[in-house]
Structures are given as C-alpha cells and as structure tokens.
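Novice: The listed protein sequences correspond, in order, to chains A and B. Using this note's numbering, the first residue of the first sequence is number 1, and each one after it goes up by one. Using this note's numbering, the first residue of the second sequence is number 1, and each one after it goes up by one.
Hints should not be assumed to be uniformly reliable.
What the hints assert, rightly or not - Simulated restraints, written as ranges between beta carbons of each label pair:
#1 A/GLY34 / B/GLN63: 28 to 34 Å
#2 A/VAL11 / B/GLN63: 25 to 31 Å
#3 A/ASN25 / B/TRP179: 26 to 32 Å
#4 B/TRP179 / A/PHE21: 44 to 50 Å
#5 A/VAL11 / B/PRO54: 35 to 41 Å
#6 A/ARG124 / B/VAL141: 48 to 54 Å
#7 B/GLN63 / A/ILE166: 53 to 59 Å
#8 A/PHE21 / B/VAL64: 44 to 50 Å
#9 B/THR169 / A/SER170: 20 to 26 Å
#10 A/ASN25 / B/LYS199: 24 to 30 Å
#11 B/GLU197 / A/ILE166: 37 to 43 Å
If you're looking for bench data, these hints aren't it; they were derived computationally from the structure. Please read all numbers here as calculations on a predicted model, not as lab measurements. Heads up, the beta-carbon is just placed ideally off N, CA and C, and yes, glycines get one too.
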Amino acid sequence: MAVLIGIAWTVSIGLATRPLFIYENTAGMPGAPGSHWPSTNLIQRSRGKFTLVMFAHPDCPCTRASIAELGMLMTKLPGKLDAVVEFRKPGASERDARTTDLWQTAAAIPGASVRFDNDGQAVRAFGAAVSGQTMLYDREGRLVFSGGITAFRGHVGDSPGADAIIRRVSGGQAPIRAAVFGCSLRDPDTQQLQREPAWSK
Amino acid sequence: MTSNPVSAMRIASRAAFLFEAHHTAIYARTDRLFAVLMLGQWAAAIAAALWITPRTWAGQYSQVHLHVWTAVVLGGAITLPPVGLALLRAGKAPVRYVIAAGQMLMSGLLIHLTGGRIETHFHIFGSLAILAIYRDWRVFVPATAVAVADHFFRGVYWPQSIFGMIAVTPWRWIEHAGWIIFENVFLIRACQQSVREMKDIARQRSELEVTNETVELKVGERTAALEATQEELREAKNVAETANQAKSIFLATMSHELRTPLNAILGFAELIEEEMKDRAIHDWDHEIFKIRRAGTHLLALISDILDLSKIEAGRLELRSANFDISALIREVAASFEPLAAKNRVEVVVVSGPITLYGDRMRVRQCLFNLLGNACKFTRDGRVLVEAAGSGAPGEGRFAVRVVDTGIGISPEDLTKLFSHFTQLDASIARKFGGTGLGLSISRKLARLMGGDVTAESTFGQGSTFTLHLPLIAAPSARAAPGLLETSSQSAFAEEVLWH
C-alpha cells in the first residue's frame, strides 16, 4: 500500500512537472528579420562597431534573464559593440515602461541605450516577434545573429545565442540563429484570443 | 549501578522503553514542525511565483504565468501528502522519510521558481540541517537520494534548470551530491551523538526509577512486618492483661480464703497466750510470740495482695466523705511513734486543719506506707510531713510531702521503685522488713483517686515522697470552706510530734 502511494505521489509530481518542462523549453516565434540593417532612422547603427539590438516587453518576466545575460555580454565584450534595448508593449506609453525593473536594469548596463518603440515601427522594421529577441549586425550592417541569449525560458546561464554573439564579435564563425524564449511582442490574433480566453488586457 | 542480574535486566528493559518513548515523541513533534514548515514553504513558493513571474504577456494581453500554477499545483502535490501523513501518522518512520523526500523536492521547485538562483540552493542544506532534529540518520538517505536524483536527471535532460547552463560535464551532479554528502557526514555524526546522550539519560532515569521502586518495596515490606509485630504485641498485651486480670481475681479470692484460717490461727494463738498468762506459764512465750509475729506479717502481706488484686481487677470501690487530713496525718504519725523512737528519728508535721473530700481509709493507707517507709529507712534523722493545697475545688491540687534524711535511693533504683514486689536490695527486706507492695499499692490507690505518688531522692542524703490528690468539690456546701483553707499557709501549724 505504501509503495502504491509512493508511486502515485511520484507520478503526480511527474505529471505536474511535465507542462512546466514543455513550457520552459518551447521557444517563441522566430520573427522575420532582414539580412541587413533596415532602412530606417529609428535606431542609429554604430559605425565601425557591431551593433546589438534587443527587443523587450517591459512586463515580461522571462526577459529579466535576457537582460541579465546582455549585461554579462557587455562585460565580456567591452567596447566592441553598442547595444540598444528597444522596449515595446502595444497600448502602453514610455512613461509606463520606464517604471518597470526591466527598463531600469537595462538602462544601467554600460554601453547599452534604452528606447521605447511607441507605435511598433521598430518591431516591424526589424522583424522582431518575441521579447528577448536579439539581433547582431556587423560593422557593415549585415545581420550576423538573430535569436535569444538564454538557454530556455527565464533562466540565466550559458546559452547558444550568447555564445554565438561572443564568437561573431570576436571574429569567429557561429550559428546565425538561436531559439528565443519570451513573451510575444505582438497582440495575439483574434482566433487565439477566442481559443484561450485567459488572455486579458 | 547494580550487580543483581534481574535488576540489570529491568533497568535495561525500562531504559529501552524510555528511550523509544522519548525518541517517538521527538519524531512526532518534528513531523508536526515539518507539517507547518512545508505548508509555509508552499505558501512562500506561490508568493515567490506571484512576485517574480506573476503573468505572461502577448502584446498588451496577459494571463497568469505558468509558474504560478506550477507553484500551486506542483507545490501542493509535493506538500500535501507529507503534511497529511505528519498530521495523521505522526511519529511513524515512513512519515519522516516521505517528509525528507518532499523537502528536497520542494528545494528543486523553489530553485526553479527563482530562476536557478544559487542562493536558493541553500534551501537544500538548510533542509538537511532541519531534518537533523529527528535525530535519525536514516532520514538523510531519502533526502540525499532525491536531491542527487534530481541533480542527475535534470543535469542530463534539463541542465540549465538546475545548473544554469546547457553545456555541463555529465559528472557535474557528483559535485553537487558531494557537497550534500559532506554536510550529511557531520549531521549523521551529530544525530548519533545525540542518540547516545538520549540513551544515557534514559538509562539514568531507569536506574533511578528501579531504585525508587526497590526502596518503596522494602519500605512496604518493613511496614507490613512492623504492623504484624504491632498486632502480635497487641494480642500479647491483651493475653497478658486477661491473664493478669484472671490472676488478680484468683488472688483476691484466694487471699480472702487464706485470711479466714489465718485469723483463726492468730485468734487461737492469742487465746493460748492469755491462757498461759493466766496460768503463769512462760515456757512458750517466745514461741507464741513468733507465731503471732509471723501470722501478723502474713496477714499484712495477704491484705496487700488482696488490695493490689482488687485494684488491678477494677473491683476496688472508693468510699468518699469529708475528713480532716491534718488529723489523719497526726494519727498515722502517732502509730509510728515506737519505730521512730527506736530509730531515733524526729517526726515533724506541718499542717493546719484541712477538710478534704475523699476515701479516708485509702488516703490513710497511702500515708501509712509513705510515713512508714520514711521512719523505717531513717536512722538518727528527721522526717518532715507537710500538707499544702492550692486552687479551687474541681481544679486545684493537694499534696502531702514526706521528707526524710534517710539512706536515699540511687537514680537507677528510682525507676523501678513503684513496681510490684520490688525491694531494691534483697538485704533491705531482711534488715527493714516489708512486702515490697507498699509503694506500688500507694501509687495505684492515688491514681485511682485521681492523684499520684511521686518520688525524688539523693542517694545517701534522703528522699521526698509526695502524695498528690485532687481537690474534689464536696457534695455538701460545708466542705468548701474547709477546702479553701488549704491554700492559706498562715493557717498551718508546725508540730514536733517526737524528738
């Protein structure tokens, strides 16, 4: 009897863990970034340096790890690249975003500047879809990396994306894509809203 | 402590029981402690999820983050079974093993919910330390097994969730397990030491209990023996009193039967003496005198025995009336005039006219004994008789003190002075005569009258015997003034009867 209860307990814990495992390992939409810096003046690209652009949802808890990893990258690659963290939340103002811990943490990273994409033009221009999505452009404005810099949702630590950026900036070869784990930067479509009524403003 | 094998076994058995009871109480108490702790952890996990990852977003839309539901559901799945067991089956071994496993699972959940923060790993080490409260090293087995298995499986399949990185060596979990085992070594040692101390305490308490039981048993046995002895003594006393009463009745009867023929012998001896005197025959004077002297002594002895027997048999009746004690003292003193003269003793009576209410004959008998002894045991000395009283009738006391300058009595002889047939020295009987019953009878008579006879003496210097009597209210009013006179020393007169 005790063994059966033990097995039942173990199975119930396993079953309760499974959705978490799936959720944490499910990447977001990869988006559709172009192969070159977009023809827009919304964000200034650095001349003679690599430019890193990270898109972030100001309320996304998963992005906390991405910004922490960005801080690590900027520490590991001092002076070799400039970073811009572009915050985007449909319907929200820059004033709302500035009060979040994500904004304040990103603003404190050396070599990084922080912007708010008020009408979603930057998101559309760069083809971003998910909070935490990071794009690296070389000195000529070519896209050399697009993806996330966390290994999975909301956890700091080594990741393929961060590793690829370090290699690229250091002149090496690396995969150009990596999975992104974070909240969607865009509103869900109507069908999804109807399918998952939990979504709310 | 004890060399008795039976006691040693009892101590060992009791010590084992006490130790088990103590340890079980600790198990149950710690189970309940963990029940509260685990419920608190569950609440803390939910609070942490709500604080760190409250909602997940899609643009401007949001919903509750999966971490919150995980904290609620997975946290509940981890917490509720151990808590339920702790509340329903507190103290049982499986309960604490389930709690140990649950505690480690909760560590894993908390680590995950806080994003793999290194600080949250301290929960594992803190939990192990708290598990040590059980003082049972076995709890570290499931705890360590769960923690190591968690690190192993997550390290293989989900390394970033536990180590915070993807590319880790397959042996990284061994490093984590090593730190856990490092702490376990010291905690297990502390548990074993604590258990040894608990066993020592249990043994000491057991020894104390067994010693107390032994003492109580011996006290019980001794008390029972004492009570049995007391019962035997009571029975023996009853038998002795019954026998003494029977003896007294027998003696009273026999004394009466003896006195009748003895009186006849004395009467006929007197008749023969008178007849011889009339015929002027003196050849048998000496023999007749011997017959009369022996008969008179025998009669006195029989009378004493008769009195003693009556007193002891409770058959002596007092006949009270008013009488002048002063006159009685002088009358008794006068009867010893020849003896006093023979021993060259000065007899002095100090007493005024005093009227008492009591049995004159028995008071006379007491005075006769006391004064007779004083004259008998004094040579070339003085006998003082003082009578004095104080207090009101019904409450006061009256005393006659007979003070002599005779041979005195040693302190050890004073203690047996009032026993039956006791003459302090066999030579005394030969030298001074007497039956050895006088003082005993006097005291018994005095006590029968509500008083007493006491003695004080200095060996070689003299003795003081005192007859104490109560001042009894006389039935007639005319007795009272006489009694009150006794308190007035001025009414006393000193009279030297003989010198």
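Novice: Against each hint, give a clear statement of whether it holds in the structure.
Specialist: Here is what the structure says about each hint:
Against the hinted window of 28 to 34 Å, the Cβ-Cβ separation of A/GLY34 and B/GLN63 comes to about 32 Å, which satisfies the hint. Remark: the range hint 25 to 31 Å for A/VAL11 to B/GLN63 is upheld by a beta-carbon distance near 27 Å. Evaluation of the 26 to 32 Å hint for A/ASN25 and B/TRP179 yields a pass: the beta carbon distance comes to about 27 Å. For the hinted restraint 44 to 50 Å between B/TRP179 and A/PHE21, the CB-CB distance of approximately 25 Å leaves it violated.
As the Cβ distance of A/VAL11 to B/PRO54 is approximately 29 Å, the hint placing it in 35 to 41 Å is violated. The hinted window of 48 to 54 Å between A/ARG124 and B/VAL141 is violated, with their beta carbons roughly 59 Å apart. For B/GLN63 and A/ILE166, the Cβ-Cβ distance of about 35 Å falls outside the hinted range of 53 to 59 Å, so the restraint is violated. A hinted range of 44 to 50 Å for the beta carbons of A/PHE21 and B/VAL64 is inconsistent with their spacing of about 18 Å.
Taken as a hint, the range 20 to 26 Å holds for the pair B/THR169 and A/SER170, whose Cβ atoms sit roughly 24 Å apart. Checking the proposed 24 to 30 Å range against A/ASN25 and B/LYS199 shows it is violated: the Cβ atoms sit about 52 Å from each other. Distance hint check: the CB atoms of B/GLU197 and A/ILE166 are about 57 Å apart, inconsistent with the given range 37 to 43 Å.
The structure does not agree with the numbered hints 4, 5, 6, 7, 8, 10 and 11 stated previously, though it agrees with the rest.
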